[in-house]
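Student: Based on these hints, arrange chain B on the given structure of chain A.
Now for the letters of each chain:
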Amino acid sequence: MGRSFTSIRQGVKSTADHWARSSRALKKEDQPYGEKLVKLAKKHSSEAFYGCDDPLEAAVFSVLIEMIKKQEQPEQEKNDVDP
Amino acid sequence: MWILDSAYRGGVDLWVRDGAVTKIRHDYDPPFYLYLPDPHPHHDMIGTLESEYHAGECTFTTIFGELSGYRVFAGRSVAEAIEQQTNYEAQLFNVDVRIDQRFMAEHGIFPCGAEHESRFSPDISYNLRRFEISIRGNPSLSAAFTDIDVTHERCERLHGRERNVLADLFSLVTACDPDVILMPDADTWMPKLQKQARAHGLEMPFSRTGKYRRMDARSYWSYGRVEHKESALIPDGRILIDTEKSFVYREGGLAGVLMAARLSGLPPNLTSRFTPGTLISSYEVYEAVRRGIVVPFRKSDAEKVRRFAELRAADRGGMMFQPAPGIYGDVDEIDFTSLYPSIIVQANLSPETIEHPERQGFLPAVLDPLLGLRIRTKQLKKSDPRYAGIDSILKWMLVTCFGYTGYKNAKFGRIEVHEGITGRSRDILMRTKDIAEAMGFCVLHGIVDCLWVQGSPIEALKAHIEQTTRLLTEIEHFDWIVFLPQNDGSGAYNRYYGRLSDGSVKVRGIAARRHDTPEYIRAMQRDMLTVMASTATIADVGKAKDLVKAIYRHAVQNLPYAHAQDLAINRRISRLTYTHRCIEGAAVKEYQKRGVAVAPGAKISYVVRDARKYAIDPAWSAGSFDVRYYRELLDKAWGEISYAFMSEKPSLNCVGRDNRSINTIH
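Keeping their order, the protein sequence lines are chains A and B. For the first sequence, our numbering assigns the number 1 to the initial residue and increments by one for each residue that follows. For the second sequence, our numbering assigns the number 1 to the initial residue and increments by one for each residue that follows.
Since the hints were derived computationally from the structure, they do not count as laboratory data. Wrong hints could be hidden among the right ones.
[To be verified] Taking beta-carbon pairs under 8 Å as the criterion, some of the chain B residues facing chain A (in silico):
#1 321
#2 426
#3 430
#4 475
#5 485
#6 488
#7 490
The C-beta atom is built at its ideal place from N, Cα and C for all residues, glycine as well.
Chain A extracted, bound-state conformation (with noise of 0.2 Å):
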């Protein structure tokens, strides 16, 4: 049956479960942001399975992806993007 050790994904999971939890000590206006981070960060993590060994290096690859996708994006989709 193989070994088992934490995945990328799961290591990925809790990563954003900090990030969540860090959100919250935030002002008020910046909560939101921290809660997109969080949606980000999850949002290639089974793509970055399959070249990253850290799930810190999982997440940031995962959030850096999105970001780049939407500083390419023309103005007016920006807004509509759902993260």
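Tutor: For chain B alone, kept in the frame of chain A given last:
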């Protein structure tokens, strides 16, 4: 020579069916093999083995190559004494191979097939007299046999005083002289049956010699959960199948049990009681012995010490692409046929080929014919449902052969092989995704050996994938499919349902498919899916919303009047003591309070009477239930279905590499 049963009692007994069933006894006392890396310090021990156990020098072949050692005519206790005395330096072989299985493998014979037949033929011919016994009552509670249904040439109901019922049953069995007895919960009933027969001074006629072999009860881990196997009384010369508990029978029917026997060299009485994992390892053992390769008693090819980062990089399981939850139209599922075993064969992965990739590996050599047989039965079952049972057993054996390579005690397993398989499978799924995207398809979801795509022409994609990977694939077309979200809103890997092009519905991971869902809730979801199965497009699914919602309302309204038995939750328990107070723990306590023995892995069936007070009733005695608790379960099941109708949300566009939009709504 059609072998119906086999056993070892000082010699090998084979029950052969040739018109009548006759027992043939063979004297057989095979040795085990001993290898000492440095025999000199053990001079005295070898001398004793020579004088006491006729030990002699010999050479023998392992999967890694030839070894010079000794053959010793003794049993397991001597083998274990050698291990201790040599401080586990000695390597031992063929110590724990079943002797009847070894006899058949060495003589090129096998159970459940004529001599001229191939073990790897999908056709299995048998002419066995069947006898079905169904005892009315709860096998965990009842010990009285007053009402029994019997099916042989005709159906009969034996009813009345216990002594008369048992006497009638026994005389029927004696008169019919069946080869196969099918009996739900046989392994629970048999000890009770034997006890009552003795109490009434009757002789139980199930065994053809009057003797029974006993298999002990045990709880064990299998695929992340605890299973429980009850003890069994196995008759001589006749197949007795517990149709309720036998996984192999449930999946493969009688043909599946017989095919498993033919492949593994074990009698059907055992194959019906074993898990697919035990069957595949028994198959490997039979093949090893047949090929003149000795079977290690304990593994000696331990994994070398590796850094944690190295492990993390190498050992990470199957590849997955996360789906965006929602409903999608015209989706094709591409499924690799027996991917992991195919990789073992194609990449020549075996414990001994890690260091010597140029050698023909043992594992690929023995899996190749099994894989060939599976590919044939998968094809045959499409036009002839008689092959479905055999196909299912082969599927399970091949699925578990992969897991077995990573099991620490596997005779022919090695963790590096396990990693090699998953590593290659990840690359295959990535390559498949690249091919699909390059051809303009949109990849919606992927999990280990399956990919869900939108686009066309699908036949061209299939051909390209098969040509590039040299692996076989199957395509299933969904008219529409719903990928469900996880709690955090991201797509779940293994929870989806959709309508296939033949009008049937394929479901995974939802209430209708889960084993512990109460029948009342399962029926509601099934009715909803039946309505949805009649809709061929996403637009039509939307139109069915009112009809489906009416089923939900009806289920909610009628819930307080439902039969308590229809709300029974069936669970396989994993433990007997629970650290936190929970419903399952309360159910276990209630069972114990009522004097019903339960063990980890056993199935229990209970109805929640009051969830807040953890008040539970075993299903057989339940009269009332907690409506609020079951309403929550009902709503959860409804949520899985209503997700398909949430089309008021903004639509998502799946954009392929060529920037073509493919229509999906969400």
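Student: Starting from the hint list further up, note which numbers the structure goes against and sort them upward.
Tutor: Violated: hints 4, 5.
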